[in-house]
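Using the sequences and the hints given, assemble the complete structure.
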Amino acid sequence: MHRFANPARFLRIARAVQPWTAAATLIAFAFGLYYALVASPIDYLQRDTVRIMYVHVPAAWLALGAYATIAVASLVSIVWRHPLADVCARAAAPIGATFTAICLITGSFWGKPTWGTWWQWDARMTSVLVLLFVYLGYMALWSAFDDRQRAARAAAILALVGAINLPIIKFSVDWWNTLHQPASVFRSGGSTIHPAMLTPLLIMALAYLLFFVTTLLMRMRAELAAQRLEVAAERRALALEGAE
Amino acid sequence: MSEFFAMGGYAAFVWTAYAAAAIGLAGLGFASWRRMRALERKADSLRAERRAERGRA
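In order, the protein sequences belong to chains A and B.
Here the first sequence stands for residues 1 to 244, where the numbers follow our numbering.
Here the second sequence stands for residues 1001 to 1057, where the numbers follow our numbering.
These are calculated hints, taken from the structure and not from any lab test.
From the three backbone atoms N, C-alpha and C, an ideal C-beta is built for every residue, glycine too.
Misleading hints may appear alongside valid ones.
Where chain B lies over chain A, by a calculated footprint (3+ residues, C-beta under 8 Å) [stated by the list, open to error]:
id	region
1	48-56
2	75-82
3	86-100
4	109-121
5	185-195
When the alpha-carbon atoms are kept at most 25 Å apart in a straight line, the in silico SDA-like pairs for lysine to any residue are as follows [said to hold, decoys possible]:
id	chain 1	residue 1	chain 2	residue 2
6	A	K112	B	G1008
7	A	K112	A	I13
8	A	K112	A	P83
9	A	K112	A	P7
10	A	K170	A	P195
11	A	K112	B	E1003
12	A	K170	B	A1012
13	B	K1042	A	I13
14	A	K112	B	K1042
15	B	K1042	A	P94
16	A	K170	A	F133
17	B	K1042	A	P195
18	B	K1042	A	Q18
19	A	K112	B	A1011
20	B	K1042	A	L37
21	B	K1042	A	P19
22	B	K1042	A	S143
23	A	K170	A	V185
24	A	K112	A	Q149
25	A	K112	A	V17
26	B	K1042	A	L229
27	B	K1042	A	P7
28	B	K1042	A	A239
29	A	K112	B	M1007
30	B	K1042	A	I169
31	B	K1042	A	L198
Rendered as structure tokens:
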């Protein structure tokens, strides 16, 4: 009974929490966009292109955050076999892939006017592109198995192996000579961004995080409903066999 | 106002980047909501059906 009690409790909590996180997401985006597009100053070198940072950097943070979520959930799935861990990991993947794609596209539209190139095969950009492919491979692996348990096991192992890419992405700008600039917020010695630009960045990051939580809850609920339908279909098939 | 949209001459880059982010997030959010609603409705109606069947038997 323990196996079913947990998802049931999760569903109750998710249904109660989700309207609030959804509303908070919209409010945070409204404030964030106002600060990012209107109330923040231009950069003396980047001019108005600095505003692209406010949609690019949170996408990069959450691309890594979503993957970390998948990696932790996969570990929990393998070690404790918690029934919600696989559901969480699978639900987070399309969100993380979307964040990664947004990160790459917005970065490109910042790079062209600022660096003079859409793309460079430097360590930061290449490792983030690899992250996108890991996400796509992870999602493909889930749908490659008919048996959910086996799919979950294979996907969890892929997710844990792929987690090696996270420190590579984070430290790529320190380990290699990249065109991409090094960290300016999460660095030893503290942030080097002026508060006038740090404020919109952090509000947008909060908006992205709330979006992640809200969408994760929706996708987990969908996944649990899909599981209920699968169980019902199996039960029906067994009943028909028994009737023959 | 037109100054705001011009983005200091970088309108094409700034607005395309913001549009890409908006389309990506709104599209994923909407698709996830629709999928959740469809699957939950199907699962709930199936459960109601089974309960009705059991009631008859």
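Tested hints:
1. 48-56: holds (count 6)
2. 75-82: violated (count 0)
3. 86-100: Coverage by chain B holds here, the residue count being 3 at a Cβ distance below 8 Å.
4. 109-121: Coverage by chain B holds here, the residue count being 4 at a Cβ distance below 8 Å.
5. 185-195: violated (count 0)
6. A:K112 - B:G1008: holds, 16 Å
7. A:K112 - A:I13: violated, 45 Å
8. A:K112 - A:P83: violated, 46 Å
9. A:K112 - A:P7: violated, 47 Å
10. A:K170 - A:P195: holds, 23 Å
11. A:K112 - B:E1003: holds, 22 Å
12. A:K170 - B:A1012: At roughly 29 Å apart (the allowed maximum being 25 Å), B:A1012 and A:K170 break the hint.
13. B:K1042 - A:I13: Distance ~21 Å between B:K1042 and A:I13 Cα, so the pair holds.
14. A:K112 - B:K1042: violated, 47 Å
15. B:K1042 - A:P94: holds, 22 Å
16. A:K170 - A:F133: holds, 17 Å
17. B:K1042 - A:P195: violated, 49 Å
18. B:K1042 - A:Q18: holds, 20 Å
19. A:K112 - B:A1011: holds, 13 Å
20. B:K1042 - A:L37: violated, 42 Å
21. B:K1042 - A:P19: holds, 21 Å
22. B:K1042 - A:S143: Given pair B:K1042, A:S143 holds - Cα atoms ~21 Å apart, limit 25 Å.
23. A:K170 - A:V185: holds, 12 Å
24. A:K112 - A:Q149: violated, 45 Å
25. A:K112 - A:V17: violated, 41 Å
26. B:K1042 - A:L229: holds, 8 Å
27. B:K1042 - A:P7: holds, 18 Å
28. B:K1042 - A:A239: holds, 20 Å
29. A:K112 - B:M1007: Holds, because 15 Å separates the two Cα atoms, which is no more than 25 Å.
30. B:K1042 - A:I169: Roughly 41 Å separates the two Cα atoms, so the pair is violated.
31. B:K1042 - A:L198: Given that 25 Å is the threshold and the Cα spacing comes to 45 Å, the pair is violated.
Going down the numbered hints, you'll see the structure goes against 2, 5, 7, 8, 9, 12, 14, 17, 20, 24, 25, 30, 31, while the others check out.
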